[in-house]
Amino acid sequence: MNFELSEEQKMIQQSVERFVQENYDLSNRIKISSEDPGFSKEYWSSMAELGWLGLAFSEEDGGFGGNQIDTLVLMEQFGKGLVLEPFLANVVLGGGSIKRGASQEIKDSIIPSLIDGSLQITLAYAEEQSRFDIEDIATAAREENDGFIINGKKSMVLNAESADKIVVVARTSGSQVDEEGISLFVVDSDAEGIERENFPTVDGLRASEIIFKDVKVTTTSLIGEKDKGFSILQAVVNDAILALSAEAVGAMEVLYKDTVEYTQQREQFDHPLSDFQVLQHRMVDMFMEYEQCKSLLFRATMETVQDPSLSQRTVHALKHLIGKSGIFVGESAVQLHGGMGVTEELRIGHFFKRLLVIDSQFGNADFHLDKFTNL
Amino acid sequence: MDINLSSEDLAFRDEVRSFFEENKIKSGEDYFSWRLGWFEKAREKGGWDVPKWPEKFGGPGWSPTQHYIWEQETAKANIPFDLPFGLGMLAPILMNYGDQEQQDRFLPDIRDRKVNWCQGYSEPGAGSDLANLKTKAVLSDDGTYYTVNGSKIWTTLAHVADWIFCLTRTDDSGIKQQGITFLLFPMKQEGIEVKPIITLGGSHTVNTVHFTDVKVPVENRIGEEGKGWTYAKGLLEHERTGLAGLSKSLVELEQLKDNARSIQRGNGNLMDNSSYRSKVGELEIDLLATEFTELRSLASAAAGGEPGPESSILKLKGTEIKQRIQKLTVEASGIYSSAWGDKGVGPSFAKGGTAGYLNSRYFTIYGGASEVQKDIVAKKVLGLTKGSSK
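Protein chains in written order, with the working numbering: chain A, 1 to 375; chain B, 1 to 390.
Quick caveat, the hints were computed from the structure, so don't treat them as lab data. Don't take every hint at face value.
[What the hints assert, rightly or not] Below, computed lysine-lysine pairings styled on BS3-like, alpha-carbon distance capped at 25 Å:
1) A/K213 - A/K228
2) B/K279 - A/K324
3) B/K195 - A/K31
4) B/K233 - B/K176
5) A/K153 - B/K386
6) B/K257 - B/K351
7) B/K233 - B/K386
8) B/K26 - B/K114
9) B/K227 - B/K195
10) B/K257 - B/K279
11) B/K279 - A/K371
12) B/K41 - B/K24
13) A/K324 - B/K351
14) A/K324 - B/K317
15) B/K215 - B/K114
16) B/K176 - B/K257
17) B/K343 - A/K213
18) B/K114 - B/K52
19) A/K371 - B/K215
20) B/K248 - B/K24
21) B/K52 - B/K317
22) A/K31 - B/K343
23) A/K324 - B/K257
24) B/K134 - B/K227
25) B/K114 - B/K195
26) B/K351 - B/K374
27) A/K294 - A/K228
28) B/K176 - B/K374
29) B/K195 - A/K153
30) B/K248 - B/K215
31) B/K374 - B/K41
32) B/K215 - B/K136
33) A/K294 - A/K257
Please read these numbers as outputs of a predicted model, since none were measured by experiment.
From just these sequences and the hints, can you work out the full model?
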């Protein structure tokens with residue numbers, strides 16, 4: 001058992017930390033978020049040049065052969081600045097689907113451009129009725145001639161506004177909630193019959209509702225086997241949970257540290273707020289939740305790297321704790337900052353919003369508690 | 001003890017219900033003229049436009065049960081909006097500490113909803129520790145006016161207010177609760193600058209207000225110079241019991257259940273999900289208890305004049321309940337809770353739900369943060385002060 005990062009990982013950690021410190025103060029983040037496309041293309045190119053986008057891809061695919069631990073290192077640091085660049089959508093969701101099941105031809109046409117930052121991709125899986133159940137897929141892909149015709153609607157698709165390609169999860173057989181009968185396709189985002197409705201999210205990112213109306217795709221755009229897409233989707237979602245949890249841990253660290261600092265400066269009743277025991281204990285609780293989340297993050301990530309078939313229960317445990325503790329830490333930071341905490345002016349509110357959104361993605365705390373106790 | 005409403009109370013409830021029914025806004029009717037007309041008719045009922053005012057000042061002189069019935073019915077009915085600043089916060093101070101001339105000058109306009117007031121209490125350095133305020137008021141040599149300089153923060157609706165009631169410092173030589181003076185002055189005048197504060201929910205309700213050499217005639221001072229803290233403190237307690245909003249929460253809870261039932265899951269709906277249902281259930285149990293805590297508090301206030309110790313937990317419990325309702329709305333919205341802005345996606349209640357939740361975090365901060373409320377309960381109710389152990 002060893003919790004040490006490798007020398008390379010430490011170097012990456014330091015370079016991401018520096019990147020966040022230099023580029024992600026609150027006012028700059030607000031500026032980038034409010035202008036199209038909602039992230040900085042310049043930063044995205046830098047991330048590509050620094051090799052961050054290729055870390056999680058195999059060497060055969062043109063990457064650096066890293067794994068979920070490398071993604072953890074990046075995401076935890078991203079979380080400390082609430083980085084807006086669409087790493088999750090591109091590398092973990094879109095790229096994660098392609099690398100797991102696509103034909104060599106598709107891989108060759110997408111992964112190198114993903115790694116060099118020239119192509120954007122995302123994953124459209126959630127639907128209006130599905131809530132958090134990833135197997136609940138009504139969007140249909142009907143086989144016809146030498147391809148498929150896709151009809152349906154996808155919800156809350158991250159980064160769809162900027163994506164050149166969309167991995168769409170569709171039903172090719174079975175009933176609406178069967179794991180069997182789900183297939184993944186990669187389509188061009190400007191294909192005929194695709195309509196995107198873009199909007200901002202609570203955390204300053206962007207998402208879209210997407211309607212697919214008689215969208216024609218060829219058989220070669222199928223990722224993995226027909227009807228067998230669920231296991232790919234499940235693995236991608238687990239990776240997304242690990243990545244988001246790492247980001248949340250980074251955000252929680254900022255929240256508890258900012259709160260400790262603020263209460264030492266702010267004086268009320270002729271004392272710094274940090275003199276009051278009731279506030280001290282609340283901050284100790286915030287700190288403990290942060291550390292516990294970090295422990296479970298390490299546990300779930302290391303287990304997944306070791307054997308993903310054995311880590312499912314721990315992944316559910318992680319997402320439950322991250323959701324519950326993230327909101328506790330966020331609410332506590334706001335409460336201890338008093339009125340200032342409820343404004344847009346301090347960064348803690350923005351970190352709180354991000355944690356709130358993370359809880360609503362890929363299953364909230366309740367959902368994963370149910371899954372955990374039933375497994 | 002008897003939980004049944006008396007036949008008089010039942011008759012009163014019916015009277016309230018039919019009043020609301022008869023005076024509903026008609027389609028196409030102008031909202032603001034309807035609003036003023038509504039209050040006029042309520043006044044003709046015998047002070048229904050100012051339910052909480054004492055009879056002496058034109059209030060209806062209701063029993064605690066009648067107040068409770070009124071609260072319940074207003075939470076359910078569509079009645080015109082009202083703001084608490086003049087009506088509920090300043091008016092009691094004017095009645096208790098203002099002179100006859102001030103009462104005659106300000107109370108009628110408050111009652112007629114003609115003048116919007118805002119409350120100038122908190123300052124950048126004076127939040128929970130309100131008495132630490134620094135906004136300076138200096139009396140002119142001839143003793144006819146004060147000159148006010150300083151800043152207020154979290155001033156709700158200052159940007160639409162006509163007047164402000166304001167705590168100022170006239171003397172800083174003693175302990176900080178002394179030397180505070182209570183002044184009233186118009187907002188629309190030179191030397192007053194209002195700047196918006198945008199909250200996490202993206203809305204503009206609160207402001208910072210800066211005063212530069214604002215002149216306030218001495219007849220706009222309530223009571224004596226330097227005694228403002230005593231006047232304001234009574235009002236703060238009034239404000240605290242008024243923040244529970246339980247009847248509204250009960251209505252919102254029913255709405256929450258309806259919303260959850262509209263989210264289909266398998267053969268059932270979200271209310272069939274055991275985790276979610278437990279949280280809604282726990283919330284409802286707390287609400288049932290708190291509602292009766294409020295009733296007990298009203299009853300002991302009616303019997304003895306002073307609210308009993310149970311009133312001190314109302315703000316704590318009431319605000320926490322409101323926050324939990326907001327949180328459960330966010331959870332019911334599922335993946336759509338992260339959508340932002342005017343364009344609604346997902347179920348209709350999801351729109352604005354997260355903004356409401358974010359803004360609701362303020363409930364346990366304003367009007368005395370929960371930590372301060374608990375200090376008050378520890379000290380005043382349990383008698384726990386430093387050195388109190390034997």
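Consistency of the hints with the structure:
1. Distance check on the hinted pair: A/K213 and A/K228 sit about 23 Å apart at the alpha-carbon level, within 25 Å; holds.
2. Using a Cα cut-off of 25 Å, the hinted pair B/K279 and A/K324 holds, with the two alpha carbons roughly 14 Å apart.
3. For the hint pairing B/K195 with A/K31, the CA-to-CA distance comes to about 21 Å; that is within 25 Å, so the pair holds.
4. A threshold of 25 Å between alpha carbons decides the hint, and for B/K233 with B/K176 the separation of about 14 Å falls inside it, so the pair holds.
5. Pair hint A/K153 plus B/K386 does not hold up; C-alpha atoms about 63 Å apart against a cutoff of 25 Å.
6. With a C-alpha separation of about 17 Å, the suggested pair B/K257 and B/K351 falls inside the 25 Å cut-off, and the hint holds.
7. Distance restraint check for B/K233 and B/K386: the Cα-Cα separation of roughly 22 Å lies within the 25 Å cut-off, and the hinted pair is therefore satisfied.
8. Of the supplied pair hints, the one linking B/K26 and B/K114 holds, its CA atoms being roughly 23 Å apart against a limit of 25 Å.
9. Restraint check for B/K227 and B/K195: not satisfied, since their Cα atoms lie roughly 29 Å apart, outside the 25 Å limit.
10. Distance restraint check for B/K257 and B/K279: the Cα-Cα separation of roughly 11 Å lies within the 25 Å cut-off, and the hinted pair is therefore satisfied.
11. With a CA separation close to 18 Å, the supplied pair B/K279 and A/K371 stays within the 25 Å bound.
12. Proximity of B/K41 to B/K24 is assessed by CA-CA distance (about 12 Å); at most 25 Å being required, the pair is judged to hold.
13. Annotation: proposed proximity of A/K324 to B/K351 holds, straight-line Cα distance about 23 Å (limit 25 Å).
14. Between A/K324 and B/K317 the alpha-carbon distance is near 21 Å, which keeps this suggested pair within the 25 Å criterion.
15. Restraint check for B/K215 and B/K114: the C-alpha separation of about 23 Å stays at or below 25 Å, so the hint holds.
16. Annotation: proposed proximity of B/K176 to B/K257 is violated, straight-line Cα distance about 48 Å (limit 25 Å).
17. The straight-line distance between the Cα atoms of B/K343 and A/K213 is roughly 22 Å, inside the 25 Å bound, and the hint therefore holds.
18. Distance hint between B/K114 and B/K52 is fulfilled; the C-alpha atoms sit about 18 Å from each other, no more than 25 Å.
19. Taken as a hint, the A/K371 and B/K215 pair is broken in the structure, with Cα atoms around 66 Å apart against an allowance of 25 Å.
20. Proximity of B/K248 to B/K24 is assessed by CA-CA distance (about 19 Å); at most 25 Å being required, the pair is judged to hold.
21. A distance of roughly 22 Å separates the Cα atoms of B/K52 and B/K317; the hinted pair therefore holds under the 25 Å criterion.
22. Of the pairs offered as hints, the one joining A/K31 and B/K343 holds, with about 21 Å between alpha carbons and a cut-off of 25 Å not exceeded.
23. About 22 Å separates the Cα atoms of A/K324 and B/K257, which keeps this hinted pair within 25 Å; it holds.
24. Restraint check for B/K134 and B/K227: satisfied, since their Cα atoms lie roughly 15 Å apart, inside the 25 Å limit.
25. Between the alpha carbons of B/K114 and B/K195 the distance comes to roughly 24 Å, so the proposed pair stays at or under 25 Å and holds.
26. Between the alpha carbons of B/K351 and B/K374 the distance comes to roughly 34 Å, so the proposed pair goes past 25 Å and is violated.
27. The straight-line distance between the Cα atoms of A/K294 and A/K228 is roughly 33 Å, outside the 25 Å bound, and the hint therefore fails.
28. Restraint check: the Cα-Cα separation between B/K176 and B/K374 comes to about 22 Å, which is no more than 25 Å; the hinted pair holds.
29. At most 25 Å may separate the alpha-carbon atoms for a hinted pair to count; B/K195 and A/K153 exceed this at roughly 43 Å.
30. Only pairs whose Cα atoms come within 25 Å are accepted, and B/K248 paired with B/K215 is rejected, the gap being roughly 41 Å.
31. Proximity of B/K374 to B/K41 is assessed by CA-CA distance (about 41 Å); at most 25 Å being required, the pair is judged violated.
32. Of the pairs offered as hints, the one joining B/K215 and B/K136 holds, with about 12 Å between alpha carbons and a cut-off of 25 Å not exceeded.
33. Taken as a hint, the A/K294 and A/K257 pair is honoured in the structure, with Cα atoms around 15 Å apart against an allowance of 25 Å.
Checked against the numbered hints above, the structure violates hints 5, 9, 16, 19, 26, 27, 29, 30 and 31; every other hint is satisfied.
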